[in-house]
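Student: These protein sequence lines are chains A and B, in that order. The letter at position 147 of the first sequence is residue 147 when you use the working numbering, and the numbering goes up by one with no holes. Positions in the second sequence are counted from 1; adding 1000 to them yields the working numbering.
By construction, these hints were calculated from the structure, which means they are not laboratory data. Hints may contain errors.
[Claimed, not checked] Quick list of simulated restraints, FRET-style, between CB atoms:
no., chain 1, residue 1, chain 2, residue 2, range
1, B, Trp1053, A, Ala197, 29 to 37 Å
2, B, Lys1019, A, Gly241, 35 to 43 Å
3, A, Cys228, B, Pro1036, 37 to 45 Å
Predicted model, so just to flag it, every value in this text is computed and none were measured. All C-beta atoms in this analysis are idealised placements derived from N, C-alpha and C, irrespective of residue type, glycine included.
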Amino acid sequence: MTLQAGKKVFSCRSSLASLFGAEEERIIFTNNCTTALNMAIKGSVRKGDHVLISSLEHNSVLRPVHKLSEKGIITYDVFEVNPLSDSETFQNFLSLIRKETSLVVCTMVSNVFGTVLPFEMLGRYCRMKNIRFVLDGAQGAGSHRISMKKMPVDILCLPGHKGLLGPMGTGVLILGEGVDIESFCEGGTGSNSLFEAQPDFYPDKLESGTANLPGIAGLYEGVEFLKCFGGEKAVLEKEHGLLSVLKEDLSVIPRVTVYDEMHSQSPSNVLSLNVGDRHSEQTAELLDKFNIAVRAGYHCSYLAHNTYGTAEKGTVRVSTGIFNTKKDVKTLAFYLNKIAMGKIL
Amino acid sequence: MNYTYIKFESQTYGEKAVKLLLKHNIKSQLRRNPNPNHRQGCNFALFTRDNIWNAYDIIRDNHIPNLGVESYRERL
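One chain only, chain B, in its complex shape (with noise of 0.2 Å):
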């Protein structure tokens, strides 16, 4: 399984993105991060069904702080 997120420190910002998105009519939702390897400790993760680089954009463009886009291959 492969995850394409949009990596945020703080569930704020990853929050707000998500409230910001909305306004752009982008469907998104924060979850934790999926991937055991990172290593920030505990951090979010920005999910949608949109094109994640639109989404990403738009989160730059308004200057929210965020760890940028990260991928996750789940080994099964």
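One chain only, chain A, in its complex shape (with noise of 0.2 Å):
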């Protein structure tokens, strides 16, 4: 049966392998993005370490970085992101960049504005220099094509609730080719059981305590209902064609600010906004009377809200999924509509 189990494990790991050109023992399975967050940052780096991050990380990296500076381990630097120009964007990372630069993380898209980065080019520029990339895919795996052979990353760390389509209390940690961490925890792993010492072999190494089975039983199957969806492209192209519809419909409801010159030229699956005056939690609490579930506040992002302005009433946003319609989006600006206009309190 315990052989059973694992060759359900080994299949989600081939699976995740083939979307994102990894190695299988490279696919580390973790609790969430943040852990695996947590053990490329904390894994990647020594005393002295200067880490660049950027101004629309989320949380989950910011706080792992500033908790290692404030231990006086590494000093860290943010770097701001211009939605509307890649190449000022990487004139910022650059003069940032300083000798003891070991470290940079990026994020992908931004989970708050739906901002994509400019990771390639930042990438390119980090395995030109020897910087060690760690690429967070929270928000752009599974809607982004990412691959580790073809694209200058070095550790991609994902959640399996979000793109992937597995349950929450899923992530995966994935590792490039000849990249090694520090273990982030240690203990069983099942195997070298009668030595003391942790394996130092993939992913044994990164793997301690009895495994998530069921969550990543049912990350397989999202992953291969991924797969047959057609992949990121089309995924990408449902959920940017059904934001473009919203976008459109908004446009013409007065009191309704679409933070739509946080976007990129590149198309993406989050849309940001607010009603008004109001704080972005009321807005998202009278849409749930009608059963539209959103995400209001600060979306676990205080760079990225604090750089663009939007602290105070924090955002509603709107994130469009493969198993929404076109019915769902005119039914949200309907409701927008009616909220910008007074007719619902």
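The two chains are supplied separately, each in an independent frame; assemble them into the complex guided by the hints.
Tutor: Structural data, given as structure tokens:
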């Protein structure tokens, strides 16, 4: 029975490896993307290192980096992302590179504004300068193609429950070829059991303790479904298409602010907005009355809201999924209009 | 009963080997190591009805970490 369970885990590893162009043994299962990012960051740095992160990072990047800095282990800087100019973003990034810079952590798509970052440009520079490049694929995986073989990414961190359609409480860390990180936690791996030391081979080096088998089995089904749906291209086409319909409808509604200028040229599946002077939480609460689920507040991204001046009210984030329909976005626009007109209180 | 198999420390590498061998039209199966005297705790054994050395060559040439070919004679 345990072998069958192990086979299921391997099937998921294998499925993820083919989706992201990685080696099976370099697919590491984690509890979530936050754990994966903590493992990638804390397992990569040494005392005296300098780390660079973008101004659109989630707290799961900012907080571990900040904690390491508080402990006096590293120093860090934040480079500002200009959503309208990749070259300006790159210049901002270059101006903060130091000779001690050993790690760059960058989100692929902002989880607040849907901005797609020029991560390949940054990654190429890092590879040239021998700086480790960690990509936070939380918002991009499943809807944007990521290949560890073709793209200059050293470590990729992913949640299982977003674009990969798996259950909550699953995450993945993917190591590029030749990339080695320190173990984050040590314990039982089911291998080298008579030795005191943690195994030095992957995935065992980074996977201690009982695996979340039901979660991993669910993640496998999610990834397989994604592939059957037509892969990332089909997903983005559908999700971005729905968002375009929504944007068009919202453009004629007064008092609805769409943070569209935060979108780069590249399509994504996330849009932030606010209605009049209302706090984003109030708008979300009103929408909830009509069974419309959006995410309001600060989206665990202090940096993004602080950088783009939305820290006071937060934003209402709309993210489209493959199971949404045109009718869904039309209904959302209808109720946003009513809220804006003050007809729903 | 005499068993000959390729031994793996990790199921991940064992399963990877099974998948690789299939691409070379060699059917194989991963089981628990049948040898009760093995010293590494739990590890895995790859069995095949094909020539075990052919399978081993493929696994070795593809750099899949393994613990080599092992035989075990079961006492009756």
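Student: Next step is simple, just say for each hint if it's right about the structure.
Tutor: Verification of the supplied hints:
1. B/Trp1053 <-> A/Ala197: 29 to 37 Å: 32 Å, holds
2. B/Lys1019 <-> A/Gly241: 35 to 43 Å: 37 Å Cβ-Cβ, so the 35 to 43 Å window holds.
3. A/Cys228 <-> B/Pro1036: 37 to 45 Å: Roughly 44 Å apart at Cβ, these two residues keep to the hinted range, so it holds.
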